[in-house]
Amino acid sequence: MHELEGLMAGFGVILTAQNLYLCFLGSLIGTLVGVLPGVGPLAALALLLPVTFTLSPVGGMVMLASIFYGAMYGGSTTSILLNIPGEAASVVTCIDGHQMARQGRAGAALGIAAIGSFIAGTLGVIVMTFFAPLIAAAAIRFGPPENFALMVLGLVCTLFMISGSTVKGVLMVALGFLTAAVGIDVVNGHERFTFGSVNLSGGIELLAVVIGLFGVTEVLANVEEMVQSTVLAERIRGLWPTLADWRDSWRAMLRGSGLGFVLGLVPGGGPVTASFMSYAVERRISAHPERFGKGAIEGVAGPEAANNAAVAGSLIPVLSLGIPSNPVTALLLGALVIQGIQPGPLFVAQRPDLFWGIVASMYVGNVFLLMLNLPLVGLWAQLLRIPYRVLFPIVLLLSIVGTYSANKNVFDLWVMLGFGIAGYVLRKLDYDLAPFVIAFVLAPLLEQSLRQSLAMSPDGAVILIQRPVAALLLAVSAAIVVLMFRRTARIPGGDQ
Amino acid sequence: MKHSTLARLIVACAVVAAAVTPVAAQGADPKAELARLKPKDFPTQPIEFTVVYPAGGGMDVAARLLAKYVEKWSGDRIIVNNRTGGAGMVGHAYLATQAKPDGYTVGALANLVWGDAMLRAQGRWAYTDLEPIAYVNSDALIWVGPTEGPYKGMSVKDIVQAAKDKPGTIRIATVPGSMWEYLVDQIEANSGAKFLRVPFQGGGAGITALVGGNVDVAQGFYSEFRGHLEAGKVRPLAVASAARMDFLKDMPTFNETFGGSDYLWQVIRYAIVPKGTPADRKAYLAAAVQIAMKDPELVAEYEKTGAYFDPKLAGSKDLAHDLGEYAEREREFYRKTGRLK
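Those protein sequences? They're chains A and B, same order as listed. Those letters in the first sequence? Residues 1 to 496, by the numbering used here. Those letters in the second sequence? Residues 1001 to 1341, by the numbering used here.
Worth flagging that the hints you see were computed from the coordinates, not collected in a lab. Yeah, the Cβ is synthetic: ideal placement off N, Cα and C, and Gly gets one too. One should not assume that every hint holds.
[Said to hold, decoys possible] Partner residues aside, some chain A positions facing chain B, computed with beta carbon under 7 Å: (1) Gly322; (2) Leu331; (3) Pro345; (4) Ile465; (5) Val469.
[Stated by the list, open to error] Here are the simulated lysine to any residue pairs, SDA-like style, with alpha carbons at most 20 Å apart: (6) Lys1294/B <-> Asp1029/B; (7) Lys408/A <-> Asn1081/B; (8) Lys1304/B <-> Gln350/A; (9) Lys1068/B <-> Ile341/A; (10) Lys1100/B <-> Lys1068/B; (11) Lys1304/B <-> Val390/A; (12) Lys1164/B <-> Thr1257/B; (13) Lys1166/B <-> Leu454/A; (14) Lys408/A <-> Asp1029/B.
Construct all of the structure, not just a fragment, from the sequences and the given hints.
Next comes the structure, spelled out in structure tokens:
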């Protein structure tokens, strides 16, 4: 087995004190970055990029990659405990994760998130070991029509995420689309809804929106309720997932792993899209969709697995083709270039030490992260004992630092504040914020791929059904919509 | 025609060679020269290199390499800071209108700032608010074609001819509102060809689409397609520069193929300070960047990324003036094409 030889050589590269140390350090930093609301992997990687210049290429890449997937482990922590996402890929974990915490099951939620992350991360790197070149070759043929069809499927799934009033949910999706339209039009370069503002010409920053809608809104809501110190801490029962939890969540983990892996490969996809879609799918296929939003453990296990698998997926195109599918992998590519290495289709053959070294380090890193995160579960749960009057100013401060660190643009802070207040009002009026965010994330990809498809086709929209993969994905979407209407029709008002 | 190209190439090579000769060879000790220029009270804190594009991109990589060598020669601490947003617009406006002109802010810019200043700044600032202190390098826009399918053996001339014979059948990747689009505009206007333009967010995404068979022609910089070229997945068609590239000698220029002199689309990277920076600090920063630029190691690192050195700018005695000439030629293009009134 050629791949096994490569992997063994990779372990040979990685099992030195220096590289193991860097892998551990990256895992630790990644976990912290994930835990801190606002500071995400992108900001952390940009900050630490200069540090890696002094390291060997293998050491530098191992550290940067481990920060990336380490952040996916840490991200769930504040989502579950405080209803504030540690980074954008853990937004959806808030929904059921925090409900579990409110029921005293924070430990189980944190545990299943860490274990789900480990399983997905390891599965992802196993697939990467054996099929990276094959998958890369298939992924590169994925063009605009296929992307469009995939985004449509994602959007259709989103409709199932809507809890409460359908009308309000659809309204939030529409608002998400509108907000995403702000900025420079991808096709003709014209400005839309910018009102002559330089700051709006680049569109509204996702991070500022997410931190505002979830972090700031949560702080506002809690300040209003004047929660007196340790509301949740008294009710912590059992730090570990029970057998029943396992039974409920192992399938969700596997599905999340598969889905996340595929979405990581797609240009513009990545951990954020993957976690949202996984949640939507889990809710769609669950026999008891009514449990979602009320502390369903599948709603934690699926998305947390998905965002980790997406990291492994997104590393394949960048390492085996030199094609980044999201901003974090673009930064990894830049790091390689600065080291004087040109990633491309020949990278695996020319620098087997680097490629296999990184792959091997991911096996090791995931073990490090599991060892780091499981014992931390108990410690994190103690966070809930911190009085809110101490905790929330800290959270707010971290939110501000994190939002500012992404672009170093003060305007983003106003965006964060504005969305924080808007989110608070919307929550009071019983509007669900998750459909807004998913629509906001999907809209640019959806618009761009549709307009690219139309631009590259001499015969207009026919291209969307001429290409088999696109046609198949669209057919599945259509089938889901039909099923949804039939279900609604059978149970009058059933989707209400 | 052939002779003049060759002659130009020789001149270009000679100038580039002269530009990269270490200062030491010219007699003066660069470190001593820099120490002589160093103001008494400067710098007392790290100097920020502002990059207006995201970390990891072409400009960012160029700036971080430059920072490394400026640190090496000057001993001053440099921090590379990415102020992103609005496809560079936010950072450009920051440098031109908000950054303190105290010498602690140096902008690592690309000439895309001119388009922002002329078309989008609405008179709030001009490119002349940013004073050039040193030329860094250039990257010329290159058309690349497929190695499979119906267009695999075609030269750039054949492809443009095919786009004229059967208008709207050949798919080309562009980036809207930028030189990627302007080059296609020029070719179409001069030849009567008509391409199907597929919009992408950057050159690299277009190259990916070419390799995946989703477009027939892509446009990008050497560093963006070098990996695919070595793997035999793409082939270079033509370059929008004045002379052929050293690293791809067989690739013709657009000018020699279509008989013009206006097919010149390149990213020019240079360093600036905000207008009003004290003269002594400006002179010191300029010397520090210029000395770093003469370090053969840095030159080699840049060449590895596919960048080249524009002989006119590398040997410039008055950089602001020479860059201004390029900028004003761009303004002329915007006027001619109705983008600017």
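How the hints compare with the structure:
1. Gly322: It holds, given that the least Cβ distance between glycine 322/A and chain B is near 5 Å, below 7 Å.
2. Leu331: At about 4 Å, which falls below the 7 Å cut-off, the nearest Cβ of chain B leaves the hint on leucine 331/A intact, so it holds.
3. Pro345: For proline 345/A, the interface hint holds, since the closest Cβ of chain B sits about 4 Å away, which is under 7 Å.
4. Ile465: Interface hint status for isoleucine 465/A: violated (16 Å vs cutoff 7 Å).
5. Val469: violated (12 Å)
6. Lys1294/B <-> Asp1029/B: holds (12 Å)
7. Lys408/A <-> Asn1081/B: holds (8 Å)
8. Lys1304/B <-> Gln350/A: holds (16 Å)
9. Lys1068/B <-> Ile341/A: holds (17 Å)
10. Lys1100/B <-> Lys1068/B: violated (23 Å)
11. Lys1304/B <-> Val390/A: Distance ~52 Å between lysine 1304/B and valine 390/A Cα, so the pair is violated.
12. Lys1164/B <-> Thr1257/B: holds (16 Å)
13. Lys1166/B <-> Leu454/A: Holds, because 18 Å separates the two Cα atoms, which is no more than 20 Å.
14. Lys408/A <-> Asp1029/B: Outside the cut-off at roughly 39 Å; violated.
Violation of the numbered hints given earlier is confined to hints 4, 5, 10, 11, 14; the remaining hints are satisfied by the structure.
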